[in-house]
Amino acid sequence: MDLGGASWGLINIVGPLLLLLVLGWAFLRNRKSRGGIDRTERSTRDAYDAEERERRERDGI
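Residue 26 in my numbering sits at position 26 of the sequence shown, with consecutive numbering throughout.
Calculated directly from the structure, the hints in this document are not laboratory data. Quick caveat: nothing in here was measured; it's all calculated off a predicted structure. Ideal Cβ positions, reconstructed from N, Cα and C, are used throughout, including at glycine.
Simulated restraints on C-beta separations:
#	residue 1	residue 2	range
1	R31	R53	29 to 37 Å
2	L21	E52	45 to 53 Å
3	A6	D38	49 to 57 Å
4	I11	E51	51 to 59 Å
5	G35	L3	49 to 57 Å
6	A26	A47	26 to 34 Å
Whole structure, please, built from the sequences with the hints as guidance.
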């Protein structure tokens with residue numbers, strides 16, 4: 001069955017547009033805010049500090 005130009009349009013026009021939409025959606029969804037990065041860094045630093053305090057108390061330093 002020949003669809004004429006419909007298959008050409010699907011492959012060359014609709015396909016790339018769909019790909020761009022999906023890539024744009026993924027980019028916007030996975031973008032990190034600066035506040036989130038700062039919060040992660042602060043939490044990691046707090047966890048390391050707590051672990052170091054526990055180690056010093058345990059070792060008697």
